[in-house]
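2 protein chains.
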Amino acid sequence: MTKVGIAAYGITPFTKDDQKIESVLFKSAKNLFENNPKINKKDIDAVLVSTNNNSKYLSPILSEMLGMQPKIAHSIESLCNSGTNSIVSAYSYIASGLADVVLVTGAERYDSPGQILEWDDSRGEFKHPIFWASIFSKSYKREFSISDEQLALVSVKNHKQAKENPNALSSQIFTIQDVMNSKKLTDDLKVLDCSRPCTGSASIILTSEEMTKKITDTPIWITGIGQKTTSAGFTKNTSFSSMESTRQAGHTALKMANHDTKNIDVAEIHDAFSVCEPMALESLGFSKSGQGISMIQELYETNDFKINPRGGLIGAGHPLGATGIAQTIEITQQLQSNAGNRQVDSAKIGLVHNMSAAATSSTVLVLEK
Amino acid sequence: MTKVGIAAYGITPFTKDDQKIESVLFKSAKNLFENNPKINKKDIDAVLVSTNNNSKYLSPILSEMLGMQPKIAHSIESLCNSGTNSIVSAYSYIASGLADVVLVTGAERYDSPGQILEWDDSRGEFKHPIFWASIFSKSYKREFSISDEQLALVSVKNHKQAKENPNALSSQIFTIQDVMNSKKLTDDLKVLDCSRPCTGSASIILTSEEMTKKITDTPIWITGIGQKTTSAGFTKNTSFSSMESTRQAGHTALKMANHDTKNIDVAEIHDAFSVCEPMALESLGFSKSGQGISMIQELYETNDFKINPRGGLIGAGHPLGATGIAQTIEITQQLQSNAGNRQVDSAKIGLVHNMSAAATSSTVLVLEK
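Those protein sequences? They're chains A and B, same order as listed. The opening residue of the first sequence carries number 1 in my numbering; numbering runs sequentially from there. The opening residue of the second sequence carries number 1 in my numbering; numbering runs sequentially from there.
No lab work stands behind these hints: they were computed from the structure. Note that the coordinates shown come from a computational prediction; the quantities given were computed from them, not determined experimentally. Errors might be hidden in some of the hints.
As the list claims (entries may be wrong) - 20 Å max Cα-Cα, derived EDC-like pairs, lysine to aspartate or glutamate: (1) B:Lys255 x A:Glu244; (2) B:Lys236 x A:Glu34; (3) A:Lys236 x B:Glu22; (4) A:Lys255 x B:Glu22; (5) A:Lys127 x B:Asp265; (6) B:Lys348 x B:Asp265; (7) B:Lys3 x B:Glu244; (8) B:Lys127 x A:Glu22; (9) B:Lys42 x A:Glu244.
For reference, chain A alone in the conformation it holds in the complex (with noise of 0.2 Å):
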């Protein structure tokens, strides 16, 4: 089977701009094509378009604005993680022999739909994922005795790494003072806990192994592929304090790619709220049970970048439809040493972890150079 590489990328500020959904796909995309001139568009067999947004047949939508007639063209949704699962439909088109090249590109508006849980009944009227996420702190602060201060530090270390990140939602410095004293939202959260919905675009290029050779000097393969769905509703999780979904989507990744978690040198983890960070690291097998908050402080005091180096979402921004792609575009600049301040040292294998709803569904994915 050929091997599916990423060729290029494309990436807009994340702002909280009111633009229309087909002006930030294509934003994007632009600056794909604008720093790729070796990309012929009429090689583009496939244009995958990630989004929450409700309207319809985006996809050849962008392919005209973009001069392009591709032969395979939809949307893909799957709430947060809708940027992963198209990067995996993307890999099997090629993986399958059915394309060649195949563009993803996520985008979403910052009032997106995607944010107000409409389908889940289970909640009753506590339909915002600030109650599943204010649930997950309780239960992760009672079960390993962790701190509100604690917590907060996920924040003040994503907001520190967002600021080297140009295109962050987020430019500002934060205390854990500063994020204890933030608008109360629940018991368990504060405003500053929170990754924040936003207005933003991400492209990518997956390529067939020879083709990514003909496009880039530096490539960067995908090696892993795990996702898992445990259900709908949160409450249907058999705990609140660690990820089934992300432990199992991890764990096919990493066999797939034949690693193991200490060979990660650098990851993208969906912190949608600052208790979703230790959490997934403890349930990847970054760090025992209970001890993700001890890894994040650590890194924290070394200066080291190699969680979120970006910001992670609640310091980048979290446009739904996007977040993955973005996720998978810093890894490959991690992996190229393209990452400016950034950079994580020698970075050769990496890892990005997405997911939707409470941890309900995960997508793994490894990169390598």
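With chain A's structure known, arrange chain B on it following the hints.
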């Protein structure tokens, strides 16, 4: 590469019922599992939902309702050919080795938001599909000296055939005069020239070669796939009397299957409006330009169900996200000699034609015993 087969299907009657999209989705999947007790739900690697509905996260919701925990789960949208886009995606997951068993479920409500083309600003106020269909009808009639009465025969034939389809929205027989006397929508379209939106669901399971043979004694194989997107706005079409995306998709699919149109025993054609059937037949090579109506006339007079045996979209109804899957199920039943009064004699090779938005994109599948 593994062969990809169709191992099972389930379908509901197409109606005007007001049901929640989750319930609509569930019904055809339930029907599928009830009729195929050999399938172990634990073996389902992926659940792909095909719909234009605005609800999010429908694939994990459907999975949870069915008691399943798939690896891959997301929704796919491409207006009226969402169904075959989802089938091709399932094919690629299997052919790439990422999955062995994929459930594809398409569903729509009668009030689907995919019916009004809000996205096509080139239409001005003319956002309903009847406007492009009117232009196609006027253009086709003028170019090939075809009368309204001749186009009306498409509706007469397909309603006659739908009467033998227990799941069809319509069970009425109409004469050419009935079509001509039905409510006039535009200068070139009467209401009986149009397919009708409806509530309906269709599910299909695609499988690797090994799993196909484990589940069914009458496997049907997907041997040809062709897809093409020429634009998003129909005003970019190079002709209003033929379908370029259909021509290219058909060519690719038949080439992949190593067949010619003359080998096709039975076909589902996307007759969103009466004029679409002869245009698609011509663009696919079933007849010469301008002679599609003559072919339809001959089939009608000889009671030959070769084209649109289940009654097409005009007779069976058009629940957008379910249509391409329902078409594929019909061809599967035909090739399995399991189509009741609709059966086409000795059908061994079948074709599915599914398109969106004035044929700006098309999918063609070739299926074989």
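We went through each hint and held it up to the structure:
Only pairs whose Cα atoms come within 20 Å are accepted, and Lys255 (chain B) paired with Glu244 (chain A) is rejected, the gap being roughly 45 Å. A distance of roughly 25 Å separates the Cα atoms of Lys236 (chain B) and Glu34 (chain A); the hinted pair therefore is violated under the 20 Å criterion. Of the supplied pair hints, the one linking Lys236 (chain A) and Glu22 (chain B) holds, its CA atoms being roughly 18 Å apart against a limit of 20 Å. Straight-line distance between C-alpha atoms of Lys255 (chain A) and Glu22 (chain B) comes to about 35 Å, which puts the hinted pair past the 20 Å bound.
Taking the CA atoms of Lys127 (chain A) and Asp265 (chain B), the gap is near 51 Å; set against the 20 Å cutoff, the hint is violated. Our distance criterion of 20 Å between C-alpha atoms is met by Lys348 (chain B) and Asp265 (chain B), whose separation comes to about 6 Å. Between the alpha carbons of Lys3 (chain B) and Glu244 (chain B) the distance comes to roughly 29 Å, so the proposed pair goes past 20 Å and is violated. Among the hinted pairs, Lys127 (chain B) with Glu22 (chain A) is consistent with the structure: their alpha-carbon atoms are about 17 Å apart, no more than 20 Å.
For the suggested pair Lys42 (chain B) and Glu244 (chain A), the alpha carbons sit about 17 Å apart, so the restraint of at most 20 Å is met.
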